[in-house]
Amino acid sequence: MAIGCAISMVAQRNPLYSAISLIGVFISLACLYVTLSAPFIAAVQVIVYAGAIMVLVVFVIMLLNVDQAERPPRRLRSLIPIAVGLAAVLFAEAVFIIFFVQASPATPAHNISNVGLTASIGTGLFTGYLLPFEITSILLLMAIVGAMSLARRGGLIQPQANRNETETSNQR
Amino acid sequence: MEMEDLKQVVFLLIGIIVAFTVVMTMVAYTVLAERRVLGFIQGRLGPNRVGYGGFLQPFADLLKFILKEDIVPDKSTRFVYFLAPVIATTAALMTIVVYPFGPEIHLPVLGTIHLVIARFDVALLYVLGVTSVGVYGIALAGWSSNNKYSLMGGLRSSAQMISYELALGLALIGVILQSGTLDLYSIVEQQAGHLGISGWNLFWVQPLGFLIYLIAAIAETNRVPFDLPEAETELVAGFHTEYSAMKFALFFLAEYVNMFTVSMLATTLFLGGWNGPFVHELPWLGVFYFFGKVILFLFLYIWLRGTLPRFRFDQLMSFGWKFLVPLAIINIVLTATLQWSPLFDYVSKFLKTSAGWLG
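Taken in order, these protein sequences are the chains called A and B.
The first sequence maps to residues 1 to 172 in our numbering.
The second sequence maps to residues 1 to 359 in our numbering.
The following block holds chain A by itself, in its conformation from the complex:
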C-alpha cells in the first residue's frame, strides 16, 4: 500500500490528490513501524507527519488554489532517455538490495526488553543525545520566529509610519 500511494503521489496531476497520497504513504509507514515493534515511532509519525506537516501542506494547496486546468501537461520528450536510464538504475539497486545484501545480525536487543521503546527513547534523548535535542529545539524555535516575522508584512525593520499602520491593522 505504501508503494501504491507513493506512485500515485508522483503520478497525479492534481496537487491535492498528491497530498492525499502522501498522507497515505505516511500512514502506511506508521503501520510498517508497528510491525517492526516500534509503536512509539509509529504514533509519533502519525502525529507529526500526517497530522501536522501534511495539514500545513494541504492548507497551502487549498489557499493557493492551484488548478490543474491552468497547467497543460507538457511532455518534454527530450528527457525520456534520462528518465529511462534513472529508472533502470533504481531497479538495479532494488534488485541488488533484495538479493545480495544479507540482513545485519543482532540489532541491539536490549531495546526490545521490558523497558519499552518509549522509556528507552526518553532516556536516550535526555542523556546521550542531549546536545542534538537542544540544538533541534533551538532550530525549531528559529523556524517559528522566522515564519512569524516573514508574515508580518515585509520583514523585521519597518519605518515608523508603516509600523503604526500595521499595529492598528493587527489589533482588529
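Just to be clear, a hint being listed does not mean it is correct.
[To be verified] Sample of chain B residues with no beta-carbon within 12 Å of chain A, all distances over it, derived:
hint	residue
1	GLN8
2	ILE87
3	GLY134
4	ALA249
5	LEU285
6	TRP303
7	PHE319
8	PHE323
9	LEU327
10	LEU334
[As the list claims (entries may be wrong)] Quick list of the computed label-pair ranges, beta carbon to beta carbon:
hint	chain 1	residue 1	chain 2	residue 2	range
11	B	ARG119	A	PHE100	37 to 47 Å
12	A	ILE97	B	PHE313	47 to 57 Å
13	A	ILE61	B	TRP321	20 to 30 Å
14	A	ILE98	B	ILE14	37 to 47 Å
[To be verified] Just a few of them, taken from the derived set where beta-carbon distance is under 8 Å, the chain B residues facing chain A:
hint	residue
15	PHE120
16	VAL122
17	LEU128
To be clear, the hints were calculated from the coordinates, so they are not data collected in a lab.
Glycine is no exception: its CB is placed at the ideal position from the N, C-alpha and C atoms.
We have chain A; now place chain B onto it with these hints.
Showing chain B alone in chain A's frame:
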C-alpha cells in the same frame, strides 16, 4: 498455539462489534438527549412524539437521512468529496478501541478478560494521532465542495482544531508525568483510591490540567462556545453546506462520536475510568461507572451548548494560543516541580492506594 490465537481473534472481533454497537447506540441517543435537554433549558419540550418520550426519534432521523435525495455538486472533485466524510467518521470511530471499559472480568468458561479491545503501550499517543487525522475530513470537505464559503469555513475549522490540539496534548502531559505511562489501562488502574474515588487524577494532581483539557476538547469537537465554523451554516455557509442526506449524516455522526470519545478520554484520564465504590467485588459495576461518567460529560457538553454564546473566530484563536497554551505549559512545569517534593509523595500515596477495606 493455534487455539489461543483463534480465541484472541474471536475476542477481538466480538469486542469490536460490541463496542461499536454500544457506542453508536449511545451516540444516537445523545442526539436525542441533546434536543430534549436543550429544549428544557430553553423552556420547551424537545421531540417527544415518536415513541414514548421520543425514544424512537433516532430511528426516525435515520430513516429520514437514508431517504433524502443525494445531491452532488457538479464541479466538485468527486473522489475527495466522497472521501471527506469517510475520513471524519473513521477517525472518530478508531479511537474507541483503546479505552478500558471495566476491570478484569472472570468469565466462567472463557477465563479472565480485560475489558479493553486493544491494550498497547502508546495508547494515549494513538488517540492524539487519530484525532490529528480527523482534521483532514473537515479540510477536504471544505475544499471539495467547490464553494468559496465552504472552503473558508473548512479552513477556519481546521485551523481551530489544530490550534486546540496543541493545548490538548500539553494538558495531557501533566497526567503522563503523574502516571509515568502512556497505557490507558495502567492509568486507570493507578487511580483506584479509597472507595474508588479518592485516587482520581482530577482531585489530586490535575485540577488545572482537567480544566485545560476540557476547554481544549470542546474546541476540538467544534462545539459551543467554539462552534463558529458550524454556526456559519446558519449564517452563511460552512464546510458541510454541499453535503446532503447520508454524507451529512456521516459528518453529524462524526461530530457526536468525537464528542463521545473525548468524554471517554476525559473520564479515563481524569475521573478514574471504571473506578468507583465496590468495583473490585463486582467487576461489572465498573462498566456502569464508566458509562455514567461519560454521560455526565455529555450532559455537561449539552448544558454548555444551551447556556453560552459563541466566540468570534479571532477571540477563539487568541484564547487558544495566548492563554491556553501558556497555561498548559505552566501546568506541566508545576506538576514536574511538585513531583520532587516529599509532601506530594505522601499525599499521593495516601489518596491513591486503596486501603482494601472498602472497594
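Here is how each hint holds up against the structure:
1. GLN8: Given a closest Cβ separation of 17 Å, the condition holds.
2. ILE87: violated (9 Å)
3. GLY134: violated (9 Å)
4. ALA249: holds (23 Å)
5. LEU285: Check passes; 31 Å lies beyond 12 Å.
6. TRP303: holds (31 Å)
7. PHE319: Check passes; 16 Å lies beyond 12 Å.
8. PHE323: Holds: least Cβ distance 17 Å, greater than 12 Å.
9. LEU327: Answer for B/LEU327: holds, closest chain A Cβ roughly 19 Å.
10. LEU334: holds (20 Å)
11. B/ARG119 <-> A/PHE100: 37 to 47 Å: holds (41 Å)
12. A/ILE97 <-> B/PHE313: 47 to 57 Å: Given range 47 to 57 Å: holds, Cβ gap about 51 Å.
13. A/ILE61 <-> B/TRP321: 20 to 30 Å: holds (24 Å)
14. A/ILE98 <-> B/ILE14: 37 to 47 Å: Check passed, 40 Å falls within 37 to 47 Å.
15. PHE120: Nearest chain A Cβ about 6 Å off; hint holds.
16. VAL122: B/VAL122 check passes; min Cβ-Cβ to chain A is 5 Å, inside 8 Å.
17. LEU128: holds (6 Å)
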